[in-house]
Amino acid sequence: MGKIFVEGIKIYAYHGCFKEETAIGTNFLVNVELDVDLTTPSQTDNIFDTVNYQAVFQIIKAQMAIPSKILEHVSQRCIDALFAEFPTIEKIKIKVSKLNVPLGGHIDSVSVQLEQERKN
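Just so we're aligned, residue 1 is where the sequence shown starts under the numbering used here, counting upward by one.
Calculated from the structure, these hints are not laboratory results. Just so you know, even glycine gets a beta-carbon here, dropped at the ideal spot from N, CA and C. Treat the hints with care, since some could be wrong.
Only pairs whose alpha carbons sit at most 25 Å apart, straight line, appear in this in silico DMTMM-like list of lysine to aspartate or glutamate [unchecked claim]:
id, residue 1, residue 2
1, Lys3, Asp80
2, Lys10, Glu33
3, Lys3, Glu20
4, Lys19, Asp35
5, Lys19, Glu33
6, Lys98, Asp37
7, Lys19, Asp45
8, Lys19, Asp37
9, Lys95, Glu72
10, Lys91, Asp108
11, Lys3, Asp45
12, Lys61, Glu33
13, Lys69, Asp49
14, Lys119, Asp108
15, Lys3, Asp35
16, Lys95, Glu85
17, Lys69, Asp45
18, Lys91, Glu20
19, Lys19, Asp49
20, Lys119, Glu21
21, Lys3, Glu21
22, Lys61, Glu20
23, Lys61, Glu90
24, Lys93, Glu20
25, Lys95, Asp45
26, Lys10, Glu21
27, Lys98, Asp45
28, Lys10, Asp45
Derived DEER-like restraints, expressed as beta-carbon distance ranges [to be verified]:
id, residue 1, residue 2, range
29, Ile24, Asn46, 16 to 22 Å
30, Lys61, Glu115, 34 to 40 Å
31, Glu33, Ser109, 16 to 22 Å
32, Lys19, Glu90, 20 to 26 Å
33, Gln116, Tyr53, 32 to 38 Å
34, Pro67, Glu7, 29 to 35 Å
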């Protein structure tokens, strides 16, 4: 077993409970950790034997483009989409952070982290 990390995905999106958040949008930061059996790709040096990092980015980008009220929802959608696309992923940990949060004071970010194993 091994881990693939796709970190520092910066996306402008429109998630939030307040009207202003869904109208104006803000910056988000997404980090993904994937538990995958990397035995085969480590031997074959073939991108088709592993989880394609570019495809992971595109899936995250597509899910982040769909507005959600809460980060838990968009995080779970990302997990579901990644499991659906890559049958070799055994476990996913994702952290979605909303930057520059309008909460009445200086807050760098608020984050949600979900961790889920594939259901057989």
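Hint check results:
Note on Lys3 and Asp80: the hinted pairing holds, with a Cα-Cα distance of about 18 Å set against a maximum of 25 Å. Note on Lys10 and Glu33: the hinted pairing holds, with a Cα-Cα distance of about 16 Å set against a maximum of 25 Å. Between the alpha carbons of Lys3 and Glu20 the distance comes to roughly 38 Å, so the proposed pair goes past 25 Å and is violated. Our distance criterion of 25 Å between C-alpha atoms is broken by Lys19 and Asp35, whose separation comes to about 37 Å.
For the hint pairing Lys19 with Glu33, the CA-to-CA distance comes to about 32 Å; that exceeds 25 Å, so the pair is violated. The hinted pair formed by Lys98 and Asp37 fails the criterion: a straight-line CA distance of about 31 Å is larger than 25 Å. The straight-line distance between the Cα atoms of Lys19 and Asp45 is roughly 48 Å, outside the 25 Å bound, and the hint therefore fails. In summary, the hint linking Lys19 to Asp37 is not supported, as the alpha carbons are separated by about 43 Å, beyond the 25 Å threshold.
For a cut-off of 25 Å, the pair hint linking Lys95 to Glu72 stands: about 10 Å separates their Cα positions. Taking the CA atoms of Lys91 and Asp108, the gap is about 28 Å. The hint is violated against a cut of 25 Å. Pair hint Lys3 plus Asp45 holds up; C-alpha atoms about 16 Å apart against a cutoff of 25 Å. Proximity of Lys61 to Glu33 is assessed by CA-CA distance (about 16 Å); at most 25 Å being required, the pair is judged to hold.
The straight-line distance between the Cα atoms of Lys69 and Asp49 is roughly 36 Å, outside the 25 Å bound, and the hint therefore fails. Distance check on the hinted pair: Lys119 and Asp108 sit about 35 Å apart at the alpha-carbon level, beyond 25 Å; violated. Taken as a hint, the Lys3 and Asp35 pair is honoured in the structure, with Cα atoms around 5 Å apart against an allowance of 25 Å. About 19 Å separates the Cα atoms of Lys95 and Glu85, which keeps this hinted pair within 25 Å; it holds.
At roughly 41 Å between alpha-carbon atoms, Lys69 and Asp45 are farther apart than 25 Å, so this suggested pair is violated. Simply put, Lys91 and Glu20 have alpha-carbon atoms about 35 Å apart, too far for the 25 Å limit, and the pair is violated. Under the criterion of a C-alpha separation no larger than 25 Å, the hint pairing Lys19 with Asp49 is inconsistent with the structure, at around 44 Å. Annotation: proposed proximity of Lys119 to Glu21 is violated, straight-line Cα distance about 34 Å (limit 25 Å).
Taken as a hint, the Lys3 and Glu21 pair is broken in the structure, with Cα atoms around 34 Å apart against an allowance of 25 Å. Distance restraint check for Lys61 and Glu20: the Cα-Cα separation of roughly 21 Å lies within the 25 Å cut-off, and the hinted pair is therefore satisfied. Restraint check for Lys61 and Glu90: the C-alpha separation of about 21 Å stays at or below 25 Å, so the hint holds. This hinted pair does not check out: Lys93 and Glu20 have alpha carbons roughly 29 Å apart, beyond 25 Å.
A threshold of 25 Å between alpha carbons decides the hint, and for Lys95 with Asp45 the separation of about 29 Å lies outside it, so the pair is violated. For the given pair, Lys10 sits about 17 Å from Glu21 by alpha-carbon distance, which is consistent with the 25 Å threshold. Restraint check for Lys98 and Asp45: not satisfied, since their Cα atoms lie roughly 36 Å apart, outside the 25 Å limit. The suggested pairing of Lys10 with Asp45 is violated, with an alpha-carbon distance near 28 Å, which exceeds 25 Å.
Judged by the Cβ atoms, the range 16 to 22 Å given for Ile24 and Asn46 is violated: they are separated by roughly 44 Å. Hint check: Lys61 to Glu115, Cβ distance near 21 Å, so the stated range 34 to 40 Å is violated. Under the hint 16 to 22 Å, the C-beta atoms of Glu33 and Ser109, about 18 Å apart, fit the expected range. Between Lys19 and Glu90 the C-beta distance comes to about 40 Å, which lies outside the given range of 20 to 26 Å.
Look at Gln116 against Tyr53: about 20 Å separates their beta carbons, and that is not inside 32 to 38 Å. One distance hint, 29 to 35 Å for the beta-carbon pair Pro67 and Glu7, is violated here, with the actual separation near 24 Å.
Hint violations for this structure: numbers 3, 4, 5, 6, 7, 8, 10, 13, 14, 17, 18, 19, 20, 21, 24, 25, 27, 28, 29, 30, 32, 33, 34, all remaining hints satisfied.
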